[in-house]
Amino acid sequence: MSAETIQSRREWLLSDRPASRLQARLGRAYVAWRRFSANRLALVGMLIIIGLLVVAAFADVLAPYSPTIGDLKNARLLPPGTAHWFGTDDLGRDIYSRIVYGARWTLYVVILVAIIAAPIGLLVGTIAGYAGGWTDTILMRITDIFLAFPKLVLALAFVAALGPGIENAVLAIAITSWPPYARIARAETLTVRNSDYIKAVQLMGASPFRIVLRHIMPLCISSLIIRVTLDMAGIILTAAGLGFLGLGAQPPLPEWGAMIASGRRFILDQWWVAAAPGAAILIVSLGFNLLGDGLRDALDPRSGDQ
Amino acid sequence: MSGETLLDVDDLRVTFPTRTGLVQAVRGVSFSLGRERLGIVGESGSGKSQTGRAIMGLTPPQAEVSAKKLAFDGIDLLSVSSRERRALRGNRIAMILQDPKYSLDPVMTIGRQIVETLRTHEKVSRSEARERALAMLQAVQIRDPARVFDLYPHEVSGGMGQRAMIAMMLVTGPELMIADEPTSALDVTVQLDVLKILDKLVAERGMGLIFISHDLRLVSSFCDRVVVMYAGKVVEQIKASELRDAQHPYTRGLLNCMPRIGFERHPLPVLDRKPEWAA
Amino acid sequence: MTASITVEGLEVVFDRFRVLKGVSLDVREGESYGLVGESGSGKSTLLRAITGLAPVASGTITVNGKTLGKTRDKAFYRDVQMVFQDPYGSLHPRQTVDRLLQEPLAIHGIADGEKRIERALDEVGLGKGFRFRYAHQLSGGQRQRVAIARALILEPSVLLLDEPTSALDASVQAEVLNLLEEVRRRRKLTFLMVSHDLAIITHMCERLMVMQNGEAVETLTASQLIGHRVSEDYTRNLLRASEGFVRV
Chain A
1 MSAETIQSRR EWLLSDRPAS RLQARLGRAY VAWRRFSANR LALVGMLIII GLLVVAAFAD
61 VLAPYSPTIG DLKNARLLPP GTAHWFGTDD LGRDIYSRIV YGARWTLYVV ILVAIIAAPI
121 GLLVGTIAGY AGGWTDTILM RITDIFLAFP KLVLALAFVA ALGPGIENAV LAIAITSWPP
181 YARIARAETL TVRNSDYIKA VQLMGASPFR IVLRHIMPLC ISSLIIRVTL DMAGIILTAA
241 GLGFLGLGAQ PPLPEWGAMI ASGRRFILDQ WWVAAAPGAA ILIVSLGFNL LGDGLRDALD
301 PRSGDQ
Chain B
1 MSGETLLDVD DLRVTFPTRT GLVQAVRGVS FSLGRERLGI VGESGSGKSQ TGRAIMGLTP
61 PQAEVSAKKL AFDGIDLLSV SSRERRALRG NRIAMILQDP KYSLDPVMTI GRQIVETLRT
121 HEKVSRSEAR ERALAMLQAV QIRDPARVFD LYPHEVSGGM GQRAMIAMML VTGPELMIAD
181 EPTSALDVTV QLDVLKILDK LVAERGMGLI FISHDLRLVS SFCDRVVVMY AGKVVEQIKA
241 SELRDAQHPY TRGLLNCMPR IGFERHPLPV LDRKPEWAA
Chain C
1 MTASITVEGL EVVFDRFRVL KGVSLDVREG ESYGLVGESG SGKSTLLRAI TGLAPVASGT
61 ITVNGKTLGK TRDKAFYRDV QMVFQDPYGS LHPRQTVDRL LQEPLAIHGI ADGEKRIERA
121 LDEVGLGKGF RFRYAHQLSG GQRQRVAIAR ALILEPSVLL LDEPTSALDA SVQAEVLNLL
181 EEVRRRRKLT FLMVSHDLAI ITHMCERLMV MQNGEAVETL TASQLIGHRV SEDYTRNLLR
241 ASEGFVRV
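Chains as they are written, first to last, in UniProt numbering: chain A, 1 to 306; chain B, 1 to 279; chain C, 1 to 248.
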């Protein structure tokens, strides 16, 4: 592609006079991307997350050994080396392979929690904010009750009631992480509900349901995406914490938190058993945080207006 | 009224960096001001407010101000230190902004704000500062100065707030006053009261006044001379009394396009903007 | 001539503060009626009460023969539309012009959307080139044209105008006022227009009501006002103020 076609393409995207719905939408996305990519650290964060996705997708290819079956006779607690890059654990399993497969479980937890918690928070927050009055009071008091407990303690209580296991851990984390989203969505809703453009839609005869769904929610989504991304690290850590306490993923699932828990016993003599999954959690959490920061610059609704 | 030159502006330019390159908000504005009332008129984006801000030294830090000459009473405003500039600002040059709601400190009583302003620029005792602040509130025709002295900005009406703002700006006895749309946020009847006060004070104290506004008719009824700006440039300078004979089609268009009671025109004449005006 | 809007003894109370204290007016079909007053006069509240955006404490509002209750049905909004004061705040920041104009059609299930949108944009002098722009890609005057197009797209018979030009430059104001007059003539609309500017109201309206502190001061025809045949001091003050500053 010559420099000229790139230049003309950029002009087409940045045009102040889009000629079609598609051009308008792409132009908007392109402006957001430019703002995002101006932030180097955000790009690093995005690369880490893309890396995580790739590792999870190609775990079968990338992992040289089985994540669950080890060589108990010859390969227990080997230090990092050429045969086992990150060493082996007490059951003779290759830690590198377990971390690669663990990426899948990390993603599984993070995505499921986001899919469950964010829409609940969005719905509760926008409805409370738009309806006001009693609806608002009731919904927000419920939110307050959830917010009153430390997240991990509440998640522990839920898992204890539901029974240990990674699905229940996901549920427990989702149940405990929607209230902040509801607060954000409500705050956003309150700032726009009295604006003239929402009044204008009311004056067209739109139902409250339609106004919330089609006019208010789109305005809340960007701040919610930012918050969810920034929370991903916390979700991973909570999941790891539950795994560590034995209430999350059950053996022999290669979940990172559970891996640290089982490595704890040899942390002084065979440090790599706990250190490798710990480093993986650290890097991925950092990636999500950097990505979230970049998204904040790119999607901030206040800067989008101008 | 004029005679000596108070302010001399020659080829003033204000440039803002944006994502798409440099944008010149003010492109070579020149005028001089004696102890008179000068109006700067233009529509949004004409650079009239940025001109006032540049003189005042309130241009945002990312923007660049340049001029062949920008001198106040012989002092080159572009070369003095920021400390000297600050000392000038508020003491010898004062500015009134459009909405008193945003330019008064909401957590300080009106009286205290006036006293603080006075005491940052002059060495006066607390009691004397109070005396002068009360006298100033009286001068802007606030009926009960002692009561208003102890009120917070949100407790007074828009017209009262703007009077307090004028009092605060005038208490140090400035020689040049820049008023940026001082009455646009006020009701029409209040607007005239505030203008009357401003007019009286400017005349009594022999100040120079720059009145920035979008309202050509109001400005021409108030000022001695009018500078008309379009797209960052001065398109016409004219005596207010001779406005009817304005040469530039933009000035004429601006005068004509407003509805007037007793002059029925349907449809209203509209401005046909020519690209060469901005050239 | 039949009455389009009749308001009788209208009271609006916000937090125990009486914003409107028993105001009555009647607007005939096809007439352009103005409400003039300063801030706090209740002129905008009167418009909002008609549309249902402000709570009515007592009094009745009748539009096209139907007396309005507490809520407005969809049919009401096909008949009565409103243009807001601030063109920067009345367009959704995340929607294109196309989407903004589609919304009323979708709400009322109107099928020939494409045609109506193109016609509406033509009518307000914007043309197809503006259809896929976002609000931030438009100037103040263009935004107000979009707002007018949005109000017209449901083909209402009454247009409520809340200071439609006070946020615009004088030259743009003239264009928008001309546009409003033109659509009114073409569509035989009834206007109820609010402004603080006496000159704009006399230019646009045949009759007007001067308001102060939530009450009607007096009702005049435009020609009475032009001839300075007013009976209240307050109106006289407003008239004098609208002539600009006079040095004594």
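Do not rely on the hints blindly, as some may be mistaken.
[What the hints assert, rightly or not] DSSO-like cross-link-like pairs, simulated, lysine-lysine; straight-line CA separation at most 27 Å:
| # | chain 1 | residue 1 | chain 2 | residue 2 |
| --- | --- | --- | --- | --- |
| 1 | C | K66 | C | K115 |
| 2 | C | K70 | A | K151 |
| 3 | B | K233 | B | K69 |
| 4 | A | K73 | C | K74 |
| 5 | C | K74 | C | K115 |
| 6 | B | K239 | B | K274 |
| 7 | B | K101 | A | K199 |
| 8 | C | K70 | A | K73 |
| 9 | C | K21 | A | K199 |
| 10 | B | K200 | B | K101 |
| 11 | C | K128 | B | K274 |
| 12 | A | K199 | C | K188 |
| 13 | C | K188 | C | K21 |
| 14 | C | K74 | A | K199 |
Hints are computed from structural coordinates only; laboratory data are not their basis.
Of the numbered hints stated previously, which ones are contradicted by the structure, given in increasing order?
-> 1, 2, 4, 8, 13
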